[in-house]
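Colleague: Build the full structure now, drawing on both the sequences and the hints.
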Amino acid sequence: MMEKVILGRYLPADSIVHRMDPRAKLLFIFVFVLIVFLANNVATYALLGAFTLFIVFSSNVKLRFLIAGLKPVILLILFTFFLHVFFTKEGEVLTQVGFLSIYEGGVIKGIFISLRFFLLILVTSLLTLTTPPISVTDGIESLFGPLKKIKVPVHELALMMSISLRFIPTLLDETDKIMKAQMARGADFTSGSIADRVKAVIPLLIPLFVSAFKRAEELAVAMEARGYKGGQGRTKYRVLAWHVRDTMALLLLAVLAVVLFMLRS
Amino acid sequence: MDIKLREVEYRYAAGTPFERLAITDVSFHIPSGEYMAIIGHTGSGKSTVLQHLNVLLKPLKGEIDIGSRTIAAGRKEKDLKEVRRRVGIVFQFPEHQLFEETVEKDICFGPMNFGVKEEQAKQRARDAIRLVGLPESVLERSPFDLSGGQMRRVAIAGVLAMKPDVLVLDEPTAGLDPRGRLDMMEMFASLQKNNGLTCVLVTHSMEDAARYADKIVMMHKGRVYKTGTPREIFSDRDSLRAIGLDVPETIHFQHLFEEKLGFPLKRLCLTPEELAQEIRDLRGERR
Ligand SMILES: Nc1ncnc2c1ncn2[C@@H]1O[C@H](COP(=O)(O)OP(=O)(O)OP(=O)(O)O)[C@@H](O)[C@H]1O
Ligand SMILES: [Mg+2]
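So the protein sequences, as listed, match chains A and B. Letter by letter, the first sequence follows residues 1 to 265 of UniProt numbering. Letter by letter, the second sequence follows residues 1 to 287 of UniProt numbering.
Derived from the structure by calculation, the hints contain no laboratory data. The structure displayed is predicted, hence computed values, not measured ones. C-beta atoms are modelled at their ideal positions from N, C-alpha and C, and glycine is treated no differently. Please note that a few of the clues may not be correct.
Reference listing, derived: stretches of chain A covered by chain B, where coverage requires no fewer than 3 residues with Cβ under 8 Å from a Cβ of chain B [to be verified]:
(1) 51-65
(2) 183-197
Over the 10 Å line for every Cβ pair with chain B, so calculated as not near, a few chain A residues [as the list claims (entries may be wrong)]:
(3) V93
(4) I108
(5) V221
Modeller: Here it is in structure tokens:
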């Protein structure tokens, strides 16, 4: 049931995207998230779409898998789409559905915004798919390293993040197991009124919370037992290395930003 | 209730990069009232097979007959409640499924989902808690205040209270103390013998398989490696070893004993009781 969710999972493979420095990938995504907002017409969205496809192809992750794995988010995207279609009142009226009139501007805006959303999620899930969680954290810690000077607990925050990332799949597996155990006892998660369904979640949530807390406690004990005491003076086992390809990727992104800027209306 | 599997195949995360073949070409028959054991190495697909028995997983290929119902690959299945009531599964580490404020409410969860009235469910809870060897006073306590072994028993009681026709057990005694293990296994065996319950047991204990099972299915790498009576299965030590299993301690002892003795005993002894009897008979003959 939950096994189809790929958000937050790492897919071991080899490609230029896999080999990139996590810091480069993080910077790339950060900039990408910003320049996605530059797009505002057909030409710029087409360019962005093509660029995203290019990244997907060079990452060796099959587009089919990506899309299948993003199914849960697609509902959210559809929701945004219809929100815009029904509530934007710009341009000509296309049709009348009951008391709602649908405007041309609404449809266009709906398509653009859901496309933007879609591209953002596609590229960010590529990050976790092609980078082991531990590297993501190393990258974040290294990028935010300078903030340590002003007493920001960068190491601790990075650790917190990597632990959460690490436990997403575990939690999903656990959800699946408990769901099955309760279904075997006649619980029904998929039919009935909304009130029934909300009630049906309780037998799922309580065991999940219980085991999450237990896990957290065990993890803390295990870390202490092995002498963990924060980032002070801790050396790194994996050393990050910046290559030419990392610089190239960021340059490519800069070019994209410039072209987008020229094409936008 | 008869259960028949025909060439069942299942893959986890089918259609994603994480796809993984778990079982393939699995066929066997569980006749009504029988005690069947499934043995196999870790990861051989035992738990995956079990989840097909009450349609928590649907086969990607093949068919399963559960009583009068047939579950076939690629079909939408509706109204599985009846199947789930008749086939009760106790999962590996079932203590993780407890959630209610009191043990009593937790045990009543299953029966009440299947339409049993509250009063009756409470009666069933009292019966079930006694079956698993806990005092009735436990019913008022919170399941989270219990020890691991007690939680396990409560979880098993929760499935027994559903009064299933087929009881499916996935390593129910892992982590229990020796006495608790024995009591629990004897309780399942007596339900099977006296109440006509069909039992399917996944176990890593060759001793339990030898003692209780009418029939054994050996699984290896997602396939059925061999099926047979305990006597058939455990007389072939080489094929057991080939897939990372071994004979029960009793048979191991029998082999060593026969070696020292210089000739074989009349029959393969599946339990210490049988072996003791056999050795005694031997003395009788020699006198
Ligand atoms: N939820 C899951 N997602 C993906 N793969 C799974 C999942 N559950 C099991 N598998 C895989 O399917 C195969 C069979 O697993 P299964 O749990 O049926 O084995 P098992 O015989 O019960 O093992 P054990 O004795 O350790 O309980 C294994 O290779 C396992 O890695
Ligand atoms: Mg198992």
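Colleague: Under a C-beta cut-off of less than 8 Å, do 3 or more residues of the stretch 183-197 of chain A approach chain B closely enough to confirm the stated coverage?
Modeller: That given contact holds, which follows from 6 residues of the stretch 183-197 of chain A lying within Cβ reach (below 8 Å) of chain B.
Colleague: Against chain B, does V221 of chain A keep a CB gap of more than 10 Å to every residue?
Modeller: 17 Å, holds
Colleague: Can you confirm whether chain B covers the stretch 51-65 of chain A, using C-beta to C-beta distances below 8 Å and requiring at least three such residues?
Modeller: holds (count 3)
Colleague: Is the Cβ of V93 of chain A farther than 10 Å from every Cβ of chain B?
Modeller: At roughly 41 Å from the nearest Cβ of chain B, V93 of chain A sits farther out than 10 Å, so the non-interface label holds.
Colleague: Verify that the Cβ of I108 of chain A lies farther than 10 Å from every Cβ atom of chain B, and report whether the claim holds or is violated.
Modeller: I108 of chain A clear of chain B: closest Cβ-Cβ about 33 Å, beyond 10 Å.
Hint check: no violations occur; every hint is consistent with the structure.
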